[in-house]
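Student: Now for the letters of each chain:
Protein chains: 2
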Amino acid sequence: MPYAAPIADMRFALEACADFWSLRQRFPDLDEDTLAAILEGAGALAGETLAPLNRSGDQAGVTLKEGVVTAAPGFQEAYNAFKDGGWQALAADPAYGGQGLPRSLALAVMETFHSANMSFALLPMLTLGAIEAIEQHGATDQKALYLEKLVSGEWSGTMNLTEPQAGSDLGALTTKAVPQADGSYAITGQKIFITWGEHDLAPNIIHLVLARIEGAPAGSKGISMFIVPKFRDSDGSRNAVRCIGVEEKMGIHASPTCTLAYEGATGWLIGEENRGLAAMFTMMNAARLNVGMEGVGVAEAAYQKALAYAKERKQGGALIIEHPDVRRMLMTMRAKIQAARAICYATAVAADRGDKAREDLLTPLAKACGTDVGVEVTSLGVQVHGGMGFVEEGGAAQFYRDARIAPIYEGTNGIQAIDLYGRKLLGDRGEAMGVLIAEARQTAGSHHPKFAAAVDALEEATAYMLSAAREDALAGAYAYLQLAGDVVGAMLLIQGGARDSTAEQAAVLRFYARTILARAPSRMAEIKLGAAALTSEDFAG
Amino acid sequence: MPYAAPIADMRFALEACADFWSLRQRFPDLDEDTLAAILEGAGALAGETLAPLNRSGDQAGVTLKEGVVTAAPGFQEAYNAFKDGGWQALAADPAYGGQGLPRSLALAVMETFHSANMSFALLPMLTLGAIEAIEQHGATDQKALYLEKLVSGEWSGTMNLTEPQAGSDLGALTTKAVPQADGSYAITGQKIFITWGEHDLAPNIIHLVLARIEGAPAGSKGISMFIVPKFRDSDGSRNAVRCIGVEEKMGIHASPTCTLAYEGATGWLIGEENRGLAAMFTMMNAARLNVGMEGVGVAEAAYQKALAYAKERKQGGALIIEHPDVRRMLMTMRAKIQAARAICYATAVAADRGDKAREDLLTPLAKACGTDVGVEVTSLGVQVHGGMGFVEEGGAAQFYRDARIAPIYEGTNGIQAIDLYGRKLLGDRGEAMGVLIAEARQTAGSHHPKFAAAVDALEEATAYMLSAAREDALAGAYAYLQLAGDVVGAMLLIQGGARDSTAEQAAVLRFYARTILARAPSRMAEIKLGAAALTSEDFAG
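Chains as they are written, first to last, in the working numbering: chain D, 1 to 541; chain X, 1 to 541.
Don't take each hint at face value.
Because identical chains cannot be distinguished in the list, a pair is counted as satisfied if it fits within a single copy or across any two copies.
Claimed, not checked - Below, computed lysine to aspartate or glutamate pairings styled on EDC-like, alpha-carbon distance capped at 16 Å:
| id | residue 1 | residue 2 |
| --- | --- | --- |
| 1 | K528 | D472 |
| 2 | K528 | E471 |
| 3 | K314 | E393 |
| 4 | K65 | E439 |
| 5 | K311 | E214 |
Don't read these hints as lab results, they were simulated from the structure.
This structure is a prediction, so every number in the text was calculated from the model and none was measured.
Let the sequences and hints guide you as you build the complete structure.
Tutor: This is the structure we're talking about:
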């Protein structure tokens, strides 16, 4: 059975859990029928065009020859269908051809693409990042030059952060930018792990590149962002950026992960000098949310495949779905997906509503919980298949391999935990989290004792994180993020049930409350573990 | 850094935790120096010969051409070194060239091979299964014919259970055996997922095959076990068993997973008619323990690689091992490995001691906990590496791919949970588990309150499992197995600390108690969830 967009679950998560229609006043032209039509159209593209290329793309991978990267067979036709459908334009500014729809709706659409073909979906995801960066930080002439073609999908975009000597530590990057007489900069350096950094699906690629202007301060305060088009704007000539390597990866084989060599490439400063990191973070926040969605998307695909297998495979005379342990696995998959989906959508709705504090607070949860769910659920998907799960032909294995990147890129999940603690919690001394906890407590009321207990735990844990020594708080940050994710997921499922109660969603919530929320005490133990407990002779120099 | 056998950890787990020297009277010739020399010799073979072939074997895989399977480059030389070292003979009967050493020691030796090269180690693991089956069920002439050459490693062995239409459901198998005039049987049918079912490393392969004698009862009571040598004993002619396919798998690429076609192959009944399943279970129990060990082995390899990476990789000016969240991941890996290792060794020591009840009880724990740890720890290993973890060159990805099979084969972990509940717990109405709980309670004494609470939980959960309706118990069986594993792991670590206390092992125990044992309440919630909670509209026909 191929992937089919789970429209009912998506709509419940978006409209009931994430309170999508709180945006009605901001988007007066949008109605239920339009929303349904958009999701169904996306689901059709995902199920009929992208999903059939998932396994063949995994097998074919990409090829690099003399700097030219060739995508897997069928990807050009799929990209054309995506582009012609106007899917890149959903949430973009109408001034540049966008449709001005909510980002939360665009995110739900992206979910279906992530489910159907994670490798493919990375291309529009990165382009979206470039669009947002230019929308928010570009000068008027830069917007005029690039936005329309990015929004239409004619051109694609990339993010260039990582360098060989500097992984997550952007302050250590050394790519340099030398001012030229015409106002441009000559960019020189090497960038690694550039997703869709080079390919043949679009006639131009717009690279957004972090580099250091000659004489800029050391560290992260001396980093600027540049636009480096693959083909120069002035004369259409090939710019001095070359793909010199493509990684051999465990998964997402159809998505080229490039090493790009910049050799005096023409770049244009975007935003202010030495403020590149701030600009990149705007872009990265959206990307983080989208990566969380990606985790949910691949999890959904794995769930559907496992469910179909369990309903057709006989064992001991009965379908394996009759076995309680198989049902346990499937129910775990179902509940975790639905909670993580609600978190991702709610983060985007907060952004659409202009609730920056909530958006910022939820973004690390969406990224880390969504991608952890991706890994866990795809692993359960393999397990449900038994031996066939380990054989590539079955498809479950690919989901497992593909999903494993998501907790790593756009800031590892460990970095998300540090972000939640350092920037989000300490940043406002717990104010935004306090608002969230108050909302959760109100949601709990007197009808949800298990949830109320988890909210109490989150409150206690928050007080601990705010008062603990930094090293101790960091030792507990991951478990804190997990507890917060458990609570927010349950809160959204309960709120969803209050807005639109169905027996099915109520069953999912009950399972979630009885299993996942029961982990609050052990999360607390891990939160309060303290740095001193993380000591081993093995760790010594 | 290549793999180095963790001799200190292994000896602590074997001698202190698993009480290896309780076997002293049974093995009077064995002393500490011999034990150390054997482990160090195994570690040398593993680290110097097998580990260097792990990545190249993954890349090269195996080839099948006209029925001939060719192993990856270097594997012949490695197998020769293994054979010449006499490693297959460790625990075998001295009457057939074995060294008559404890199976627990042989298991510890196997751990190092699993760590170094999971694909390679499967070959001696399967041969070991064949040796044990023939030792326990073979007639005198069968022993004379096969054992010496299997024990020396000259020939290898296989287990043939699964058929395309019958995965874990052995009662459904259809391979048939027709009696011949000379007392042999003509075996006809197809077997799938046969590990090292065909290869070029040994001149003969001894297949142990489940099949149904013409006219035998239906279901599992009509299954017999046969010895089918690749080359016939009588005249050395090629037997009618052919490899007609090799699976394309997610991992263990260097180990051929074969589809074998039996076309009237000459086979010899081993053990009694229609009692093949019982014979196969003897063999499978040993194999299950070894697969648990395999999970621990690949986890250890992943831990060592992640630890080395964390100690050399700088991020933000500091080594990443200085980051509390990285230490949290490494400490989690370290503690889970050590507990699961102790469980596996203790299972083997129970077998060596002749404590069948304890061996039977612990076998599903060793298999499921060891392999779950394999998946979890290799995933953390990828995460510690960041982006490099997803790139195949780094090696962490291979461990993650390889490890994923272990919770599936030799009975999925879900089947282990059913085994623990159905055969082990119901089988003696909780007697063996009661003995274990009493020992755990004594171990807890008054010094280990967290452990005592977990023991209480296990006791309560055991009472529940014994009294619950079957479907409800099955719904909670997996969590029950996990809780039992947590408790047994902690018990063995505490007992180990009492026999040989070091600051390092005490730190591991403290971490284990404060994090893993803290999960007992949520395990309990999952145990008592009940079958009715596992209901979704999605699951309906």
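Student: Compare the structure with each hint and give your call.
Tutor: Checked hints:
For a Cα distance limit of 16 Å, the shortest separation of K528 from D472 inside one copy, 8 Å, qualifies, whereas the shortest one across copies, 34 Å, does not. Taking the shortest Cα distances, K528 and E471 sit within 16 Å of each other inside one copy (11 Å), while across copies they are farther apart (37 Å). Proximity of K314 and E393 under a CA criterion of 16 Å is satisfied in neither setting, with 19 Å inside one chain copy and 39 Å between copies. Within a single copy, K65 and E439 get their C-alpha atoms no closer than 55 Å, and across copies no closer than 65 Å, so neither meets the 16 Å cut-off.
With identical chains, the CA atoms of K311 and E214 are never at most 16 Å apart, being 63 Å at best within one copy and 33 Å at best between copies.
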